[in-house]
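A.B. asks: Now for the letters of each chain:
There are 4 protein chains.
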Amino acid sequence: MKLVIIGGGSSYTPEIIEGLINRHASFPVSQIVLVDIDEGFEKMSIVGELAKRMIEASGVLIDLSWTTDRKEALKDANFVSTQLRVGGLKAREKDERIPLSHGMIGQETNGAGGIFKAFRTIPVLLDIANDIHNICPDAWMINFTNPAGMVTEALLHHSPHKRVIGVCNIPFNMQQSIAEVLEVNPSAVRIEFVGLNHFVYGKKVYANGVDRTQEVLDRLIDQVVNYSPANIVNLGWTETFLKSLQLLPNPYHQYYYKQEATLEKDVKSYEENGTRSEVVQEVERKLFELYKQPTLHEKPKELESRGGAYYSDVACSLMSAIYNNSHEIMTVNTLNNGAISDLADDSVVEVNCVITKSGPMPLVTGALPSQVKGDILKMKAFEELVIKASISGKYEDAYLAFLANPLIGDEDRAKVVLDELLEAHKVYLPQFNK
Amino acid sequence: MKLVIIGGGSSYTPEIIEGLINRHASFPVSQIVLVDIDEGFEKMSIVGELAKRMIEASGVLIDLSWTTDRKEALKDANFVSTQLRVGGLKAREKDERIPLSHGMIGQETNGAGGIFKAFRTIPVLLDIANDIHNICPDAWMINFTNPAGMVTEALLHHSPHKRVIGVCNIPFNMQQSIAEVLEVNPSAVRIEFVGLNHFVYGKKVYANGVDRTQEVLDRLIDQVVNYSPANIVNLGWTETFLKSLQLLPNPYHQYYYKQEATLEKDVKSYEENGTRSEVVQEVERKLFELYKQPTLHEKPKELESRGGAYYSDVACSLMSAIYNNSHEIMTVNTLNNGAISDLADDSVVEVNCVITKSGPMPLVTGALPSQVKGDILKMKAFEELVIKASISGKYEDAYLAFLANPLIGDEDRAKVVLDELLEAHKVYLPQFNK
Amino acid sequence: MKLVIIGGGSSYTPEIIEGLINRHASFPVSQIVLVDIDEGFEKMSIVGELAKRMIEASGVLIDLSWTTDRKEALKDANFVSTQLRVGGLKAREKDERIPLSHGMIGQETNGAGGIFKAFRTIPVLLDIANDIHNICPDAWMINFTNPAGMVTEALLHHSPHKRVIGVCNIPFNMQQSIAEVLEVNPSAVRIEFVGLNHFVYGKKVYANGVDRTQEVLDRLIDQVVNYSPANIVNLGWTETFLKSLQLLPNPYHQYYYKQEATLEKDVKSYEENGTRSEVVQEVERKLFELYKQPTLHEKPKELESRGGAYYSDVACSLMSAIYNNSHEIMTVNTLNNGAISDLADDSVVEVNCVITKSGPMPLVTGALPSQVKGDILKMKAFEELVIKASISGKYEDAYLAFLANPLIGDEDRAKVVLDELLEAHKVYLPQFNK
Amino acid sequence: MKLVIIGGGSSYTPEIIEGLINRHASFPVSQIVLVDIDEGFEKMSIVGELAKRMIEASGVLIDLSWTTDRKEALKDANFVSTQLRVGGLKAREKDERIPLSHGMIGQETNGAGGIFKAFRTIPVLLDIANDIHNICPDAWMINFTNPAGMVTEALLHHSPHKRVIGVCNIPFNMQQSIAEVLEVNPSAVRIEFVGLNHFVYGKKVYANGVDRTQEVLDRLIDQVVNYSPANIVNLGWTETFLKSLQLLPNPYHQYYYKQEATLEKDVKSYEENGTRSEVVQEVERKLFELYKQPTLHEKPKELESRGGAYYSDVACSLMSAIYNNSHEIMTVNTLNNGAISDLADDSVVEVNCVITKSGPMPLVTGALPSQVKGDILKMKAFEELVIKASISGKYEDAYLAFLANPLIGDEDRAKVVLDELLEAHKVYLPQFNK
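Residue numbers (the UniProt record's numbering), protein chains in the order written: chain A, 1 to 434; chain B, 1 to 434; chain C, 1 to 434; chain D, 1 to 434.
To be clear, the hints were calculated from the coordinates, so they are not data collected in a lab. The structure displayed is predicted, hence computed values, not measured ones. Hints are all accurate, no fakes.
It does not matter which identical chain is meant; a pair holds if it fits inside one copy or across any two.
Within a straight-line C-alpha distance of at most 27 Å, the following computed DSSO-like cross-link-like pairs (lysine-lysine) qualify:
| no. | residue 1 | residue 2 |
| --- | --- | --- |
| 1 | K243 | K415 |
| 2 | K415 | K434 |
| 3 | K388 | K415 |
| 4 | K43 | K426 |
| 5 | K203 | K415 |
| 6 | K162 | K388 |
| 7 | K71 | K52 |
| 8 | K388 | K204 |
| 9 | K265 | K415 |
| 10 | K415 | K204 |
| 11 | K415 | K268 |
| 12 | K394 | K426 |
| 13 | K434 | K94 |
| 14 | K243 | K434 |
| 15 | K394 | K204 |
| 16 | K162 | K243 |
| 17 | K94 | K265 |
| 18 | K243 | K357 |
So that you can see chain A by itself, here it is in the shape it has in the complex:
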C-alpha cells in the first residue's frame, strides 16, 4: 500500500509518520512518498530524514522517499493526503494582519483570511485532484488543507475525481475532551455532529449509548471542558447562551457569537505578539532546528504547541478505517445526500459517517435545529460564493463572497479589505489577474 503526502515538507509530517508507525499492524503502509514544491524542498528533506530515522527506530518496514515530481509520485498510490499552504505562513500573515488592521477579525478559516486562503488553494488542489484522477483514479484523496469544507466542496463539484474526503480535528478534539469530562473512554462517546467545517455543532452527546447532553452542557458553563485548540481564543460560553442554544458550540463559534470580545482579544494579542502566523513562524523555526538533530528518532513533544494537534492522527485513523472497511463512525466532510435535510444533496457537510472501503456513508441528522438554522444556511450560501469566485476569478464574485460573510457584512469595509488582500496576494491569484 502506497501513501503520497502532498505538502510533505510541513512541520506536521512527523505526526502523520508516527500515526502510520503506530497503526502499522492493522494498516500496513509499505511505501510513503513526500511531495512538495521546489521552495519547500529543503524543509521536506529535513522532515524526510527525520521520518526515515523514526521508521528505522520503530522497526516497521516502510519505504520512504521524497520528490518534487508530483506526477511521478502519484503512480500506484492508494491514498493521497494534502496538507499544503499556498504562499506559506507569509501569506497567512497577510490574511490575518490586513483585516485586523481594519478592525476586522482576520481568522484563517471562514473569515476574510479564510476566503483568501480558499482563493489561493482551490485552483492548486483542483490541479492535484485532476492528476490523481488521471494517474491513480482509485486512490482516496484525504484533504486536510483549510478551509477544508470549502476545498472539499470545490473538489467534489469541479474535479472529475470523486474519492475525496475532507478532515478536520475539531470534532475529534471535542470528543476527546468530553470523554475526559465524562470519565469514559473516547471511543465510548458519540457526538451527533451537524453543520459545516468550522461551523459544526454537537446536537447530542452519548456515552455508551446513554444521552448525557445536558450534563455536558452544564459542565461547559463551568468551564470544566475546554476543547479549544491552541491556535484560537478561548473565551468560554455564558450560562444564558448554552441554556438557550441547547447545542454544543465548537471553538470557532466564538468568532461569530462573541465577535466583539474575540476581535478585542485578537487585536490585543496582535499588538503584543503580532499575528498568530508570526507566532507560528517562530514555532516552526524552532521545530525545524529540532528536526535537524540526527539524534532525534521520534515526533518531538514541541510539535503539540503548533496548534493542529490530532489532525494527522485523524487522517491516519480515517485511512485505516477505509482500508479495513471498519464501519467506524467518524466525522468528516463529504457530500450531504440528505444527511442534513435542509441542504442540497450535493452540498459538502461535516457530519458523522460510517467509514467503509467504498467511502464515508453519512448518518442522517434530519432538519437543522431551528436555533442555528439561519446561521448554517447563510454560511453554506457564503461558501458557495467563495467557491464560485475562487474559480471564476471575477472581482464581483469575490466582493459578493465578502459581503455574504457574517464577520464582514458591511459593504464599505468589504471593499477596502478585499482590495488590499487582492493586491497583497496578487502573485498567488492568477485567476484574478487574467
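Add chains B, C and D to chain A, keeping to what the hints say.
C.D. replies: Just chains B, C and D now, kept in the frame of chain A:
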C-alpha cells in the same frame, strides 16, 4: 360594504379615508367604523370628525362612526384593516433609544426594536384575528402593522382566520420612483420582487414588458433614484455594490449592508434630534392640532412628512382589487406556496401576486438569487424564532431570536439589550411575565 | 412582425391563418412563412394557396409564402410555431395499432404510442430549436407538437434556446365547456389547473372570482358537461369517483382511471373502423380535397371533426398576449420554478401563467393534492425517462421508460411491444440505430 | 429485562423463543409475557407450554407467563413485540379471495388485501402504542405486523409513543441468499437498501467492502439466487429487466413488474389449492398438533414451511443490538429524516440503519434511482392515503386509496372490490361503521 379600521385613531386614517373617497365609484364602501382602545378614544374622535367632514365635502355616501367596542364593530364587516401600535410612540421611543444607547441599530422593523414590536403586537393581533374568525369569518384582514411580514406569518400559522394579507409601502414606493426615472406611468412598471418584508429585492424591472433592469441599476449608482421613505436614512449605494449585486436593494437594506455608516448616522441624528420616534411624536402633535380645525375638509399635506406615505393608499388599492376580482399584480405578504422555491410552502413572503376575489395568488420567482440567498434564509429563520418567542414568552426563545438577528449577533450585547428592553416594555408583554 | 409555421403543410394551418386574420388589429402579423419537409411540399402548397385566398378575402395585409428551406425562413422571425408529425399519420397508425394488437392502450400522448412519438419528435425539434437559437434568438418557439409536455421539457433542458412554450387545447376546451354549463362568458371562468400535459387536473373553478367548483363537479356527474375532444373516448365519470377525487379530471384521465373500459372501447372501435389514425387519414384526404377548391376562401367547417379544435386558436391567443404584454392568465407548459412545490424547479408543468412580453410567469399552486400526488409524481418520473431515452437512444433507457408507464407496467408486455415498435419505426429513430 | 410479546399465540412464537434462548448470553432477557385476546387464549396456552419446555431444556433462566390482560403485562416492559392478525387467517382468506374473484391480485401486503389488513390493524396497534406510552414509555415497540411500513408510519404519526421500529424479513433473506451465492459469510455482505417495506430495492451489494453488484445481478438472471420467501410466487427476472434496472428487486416486486404472470399463477394456484391463507390454515393446524406434544422441547423444523422464516430472528437481533448499543447496520422501517432525499423527513422508509441504544440512525442513500423514482413516490403517496382512510373511516378516503394502488388503478374495479371487502370485514372495521 363595510370596512372596519382597527387603530382608527392613527394619524394615517385621513389618508385611508381619502383613498376610499377617491375610489368610491369602483369600490363603493358604504360603512366605515373606526375602532381604538380607550386610551386612543380622544385622538380617534378628532380623526373621526375630520373623516366625517372629508366624506361630506366629497359628496359620496359613506356612513362613518367610531367606537371602542371591537366585537360590535366587526359585525358584518367585509374588510378589516389593522394599523396599531401597542404602547404607542412612547414604546417605539424605547425600541430605538435602548439599542442605540448600546451602540446598536434600534430600528423598528427587523432589528432589536422590531423584535420587541413583534413581541408586543403579535398577541394583540392574534386576538383580533380570532374575533374576526368568530364574528365575520368571510372578511379580509388587511394588516399594515409592522413588522408586517412576521405579524402576517404569526397570524396565518397561529390563528384560525386564513383571510389575512400583509401590506407594506416599500415595493409601491420603489415602483413609483422607478417609473419617474424611466419617465413612464407607474402602472407600466413591473418589478419582480423577491424576499421578505423590509428585506425584499427587485430582481428585474420591466417597463411595458421590456427589461430595463440594467438601466435602473445604473441610475441608482448616480443617485438619480431615491426611493427611501422619510423615516429612514438615505446613504446611497456604491457602484461596486450595485454592479456586483445585480439586484435592486430596498432602503432598509442599508441597515444590513451599510451597518456602520447607518449606525453612525442614527447615533448622530439621535444626539441632535432624539430618536425618530421623538421626531414623529412632535409631527403627530402638530398633525392633530391641524386635524382639530373644523375648517379642514381634506387630508393635510403635512401628513406626508410622517413617513408612511402611500401605506393607506396601498391598502385601499388592495381592497378594491379583491372586491373587483381585478387580477392586478400587487406586491403583498402572503403564504409562499412555492413562489420562492428555497422557502417552505407555509412561510410568509413578500412577492408579486395576482389579486383575486379569493385572495392573492403569488407568481413564482424560482430559486433565490445566489448572491442574497444566505441573507434571506437567515432572515426567515430569524423571523421564525421571533414568532416563536412572541407566543411562548420564554426568555430563552427571545434570546435566540436576538442572537439570530443580523444586526445583533454578538451574544454579550444580545443579553444586555434584551434584558433592558424586556424590563422597559414589561407592561405590554404579559406573555413574558406569566 | 414575422411568424414561421413549421409543419405548415398540416391540415390545421387554415385554423391558425383564420386566427391571425381575426386578431390582426391587435396582433398585426405582417409576414407568414410556412415550412415543411420535401415530402410535405405538395400538401403545403395546397394549404398555402388556401391561406393566400383567405388572407386576400379578409382584406388584411399579410405577406404569405412557403418553402422547404427552414434556415432561410427563420431569418428575422419573431414567432415560430411547430406542429409537425415525424413519419406522418402512417407512423401514428403504428403507434396505435401495435399496442392495441397486444391488448394495450395505444394512445398517442402518454402511452406506448406517445413514447414513440416522443422518440421520433424530440431530436427533430431539438434541431429546430438550435436553428432558432442561431438564426433568430429572440423569437418565441410555440410548440404544439405532441407529446407537448415532454417535448417542451426536452427542449428547455437540452437546447440553448430558452424561449419555448408548450401549448395544448385541453385546458382551453375545459374552460369553454364549463363556461357554457355555468352560463357565463369563458373569459369570466378561471380554472386553477395543476399537473402535466394530458395529465392536468382542475383544482378550483371560479366564475367572476366566485368558487363554483362543487357545482361543476355535480354537473359532471350528470354528464351535463362534456369536454372530451373529438379524438378520444368519452365514457363519463361516476359519482363515487368525482365525489372522492374533488378535482376536475381531464378527458385523457380516462386512459388511466378507466383503463379497462377505455381499452375495450378502443379495441372495439379499432375492429370496426381501424385506428383513430386511419379515421383521421380519411378525414384529411377529404379535407385536402376541399382545400384544393379555388372557390374556398375560409376555414371549412369540416376541419372541426379533425380533433384538435382550438389548438391553433390557443397558439394565436398566446402569441398575441406575448406581443401585447397583456398579463392575461393562460394555461401553458413551462418551467415549474415552484409553481407545484413537490416538483423540481426545472420540471415542465402545465399550469396557469400570467403571459408577458418576457414570457409566461406561473402562478403558484402549492403542494400537489394528496389524492393524485402519486400519479403526477410517477408521470413526471416517467416523462424524464422518455426524454432520456429519446436522446441517448439506448435500448435499456427505452425499456425503463416503458416499464415506468402506468398503462404498460408489466415487464413482459413492455418488451414485446417495445421491440415491435422499435422495428416498425426504425427509419425515424436514427439515435437507436447508431 | 422484560419482553412482552403481543400476539403471543402466534405459531411463530417458538421461533422468537428460540432466538432469545440462543442470544441469552449477550441479550439476557429475564422475563417474557405472552399476550393475546380471549379468542387466542387456547392457542397461546399451547405455545406457552411449548415455550416453557424449550426454556427449561435450554437451561437459561427466563420467567415466562401468558395473559390476556395487556395493560398488566406491559408494566416495566423494556421491549414489546407486536405480531398480530386482526380477524385471524379467516380475514386474510377474504383479503385474498375477494380480489382474486375479480381477477385482481389479492396479496396481503400492498395490494387490495394489504389495504384492508391496514384498515383492520392500524386502529388496534394505535391502542397498543398508547398503552405502551402510558405504562412503559421507555419500552421499544418492535412491530412485525404487516403491512409493516404503513403500520409503522401510522404509529409514528398518530401515537404519542415514538420508540417504534418496523421490521420485515425480506432484506434479511436477501442478504442471506446473496451471501450464499457469493460464498461469503452473511455478516460480510452489505446491501444498500432503498425504498419502502415490500417495495425495497438493493442499490449496491458489497462483500467485505468490495462492490459486487454486477456479479449478483448476473447471477440473478441465471436464477442462481432465489430469495423468494415460501409465501409468494417465484417467477424469476429476465435479462432485459435486470440489465436495464441495475437494481436488485425484492420478491414482492413481481406483483408490480410481472403483474400478468403473477395474477395468472395466483389464480391457477387458487383454483387448485385455494388461497395462500387456506394453505397456511392447514399448515397451522398441523403445527399446533405438533406444539401440543409434551415431548417437543424445541422449535419444530416444520415451522419453516410457514413462510415468515427469519422474521422473529430479525426481531431478536434488533432488540439485542439496541440493548447492546452495538452499532450494527440493520435494515428497518423508521423515519426518513433525509435518508431518501426525495421523500419527506417524516415518511417511514425501509433503509439501512446503525442500531444504537437510542434507536436506529438511518444512513443516507441520496436521491431515488431515476429508474424507480416514480414507482416509489407513487407507493408512498398511496401509503399515505391508506393511513388516512384507516383513521378517518371515510368511504371516499378508502376509495382514493384503492384508486391510487398500482395493482388496482381502474376506478370501476376499485369500487366493486372495495365495497365487497368493506362488507366482508365489517365487524373488524368499526371506524367505517360509525
